[in-house]
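> Put together the whole structure using the sequences plus the hints.
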Amino acid sequence: MANTAQARKRVLQNENHRLHNASMRSRLRTYVKKVLKAVHAGNQEEARVALHAAESVIDKTAGKGIVHPNAAARTKSRLSARVKAMGSVAAH
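91 is the number that numbering that gives the first Met the number 0 gives the last residue of the sequence shown; the numbers go up by one with no jumps.
Warning: the hint list may mix true and false statements.
[As the list claims (entries may be wrong)] Keeping only pairs whose Cα atoms sit at most 20 Å apart, straight-line, the calculated EDC-like set for lysine to aspartate or glutamate is:
hint	residue 1	residue 2
1	K32	E14
2	K33	E45
3	K32	D58
4	K75	D58
5	K83	E45
[Said to hold, decoys possible] Between beta-carbon pairs, the in silico distance windows are:
hint	residue 1	residue 2	range
6	R9	K63	15 to 23 Å
7	R73	L11	31 to 39 Å
8	H67	A1	39 to 47 Å
9	H51	H16	23 to 31 Å
I should point out that these hints are in silico values taken from the structure, not numbers from a laboratory.
For glycine and all other residues, C-beta sits at the position ideal for the given N, C-alpha and C.
The following block contains the structure:
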């Protein structure tokens, strides 16, 4: 266990940061799932709205350093591709 007051304080701060980061990661996953759920349901308009909301959350999460910027870009790209693919399927 930490021996100094400073080290004890850091332990508490690290735990608070860990809990906050876990919450933000969970929020990110929830928004991603909303997009995927709309895509699987075939509701393109709902998927577009969910994608817009998810992109905002993904950018904020990456900006705070909770997820890597490349992982955020990859997630946005894959979600966007799925939503766009719905449009081409509906057009045919």
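> The structure should be examined with respect to each hint, and the outcome stated for every one.
Cross-check of the supplied hints:
1. Restraint check for K32 and E14: not satisfied, since their Cα atoms lie roughly 27 Å apart, outside the 20 Å limit.
2. Among the hinted pairs, K33 with E45 is consistent with the structure: their alpha-carbon atoms are about 9 Å apart, no more than 20 Å.
3. Proposed proximity of K32 and D58 is supported: the alpha carbons are some 16 Å apart, at most 20 Å.
4. In summary, the hint linking K75 to D58 is supported, as the alpha carbons are separated by about 9 Å, within the 20 Å threshold.
5. Our distance criterion of 20 Å between C-alpha atoms is met by K83 and E45, whose separation comes to about 13 Å.
6. In this structure the hint that R9 and K63 lie 15 to 23 Å apart at CB holds, the actual value being about 20 Å.
7. For the hinted restraint 31 to 39 Å between R73 and L11, the CB-CB distance of approximately 34 Å keeps it satisfied.
8. Between H67 and A1 the beta carbon distance is about 29 Å. The supplied range of 39 to 47 Å is therefore violated.
9. For H51 and H16, the hinted distance range of 23 to 31 Å is satisfied, since their beta carbons lie about 29 Å from each other.
When each numbered hint is compared with the structure, violations occur for hints 1, 8.
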